[in-house]
Amino acid sequence: MTGELGYALPPAIRRIATNFRMIGWVSLWTQVVVGVISSLLFFVNALEPNTSISNASADLFQALGVLFIFVSAFWGFRYVRLGRRLRTSNPDLRPKPKDAAQAVRLGILISMLGMLLTIIGAEAMVAALWLRALRQVATFGGISQDSSAFINAADIAVVFSVINTMFAHFIGLTASLWLQYVVERQ
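Read in UniProt numbering, the sequence shown has 62 at position 62, and its numbers run on one by one without any break.
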């Protein structure tokens, strides 16, 4: 596939372009799959009336975290396009190393901001779940008669959605950090 074009490129540029394309595709598809699962869990649980562990601020931060998954997945596709442009034989059309480094830095920032928003939402959700768990046990060790105080599967699904969102941001951050390592190693 590289043919004559691949041999005209310096080996460092070929290595960087290959890493951008490969890591970009892995980052894109992994984040899309995990992001779709996370967003489905989030939206199904937002419609579930029996989940009272979340509040408006926690839902807002979680929704922003899910949105940033897809921004980060788009950034993975941008890495793929950047890798393709790096493989061009015309040096005038090839992006400069500082452009690649800037794209990677922005990818790191996107993933870190998404992870921060998700962690803030997770803190609020887990705190509400913890308070709900405390209500399950009555003051003197008896079982509460209030069935709305019990933790159910929908509550755990909300936590699962938050963990999936953090995992997707971790994937994006890891991909960007690896590409930063590859660019700086040049």
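Hints in this document: simulated from the structure, not taken from any laboratory.
Among the hints, a few may not be true.
To be verified - Cβ pair distances, simulated, as ranges:
#1 98 with 131: 47 to 53 Å
#2 92 with 160: 46 to 52 Å
#3 177 with 157: 44 to 50 Å
#4 47 with 90: 40 to 46 Å
Note that the structure is a prediction, hence the values are computed from the model and not measured.
Note that beta-carbon positions come from the ideal geometry of N, C-alpha and C, so glycine has one too.
Hints, one by one, checked against the model:
1. At roughly 50 Å, the beta carbons of residue 98 and residue 131 sit within the given window of 47 to 53 Å.
2. Between residue 92 and residue 160 the beta carbon distance is about 49 Å. The supplied range of 46 to 52 Å therefore holds.
3. Take residue 177 and residue 157: their Cβ atoms lie about 30 Å apart, and the range 44 to 50 Å is violated.
4. About 52 Å separates the C-beta atoms of residue 47 and residue 90, a value inconsistent with the hinted range of 40 to 46 Å.
The earlier numbered hints that this structure contradicts are 3 and 4.
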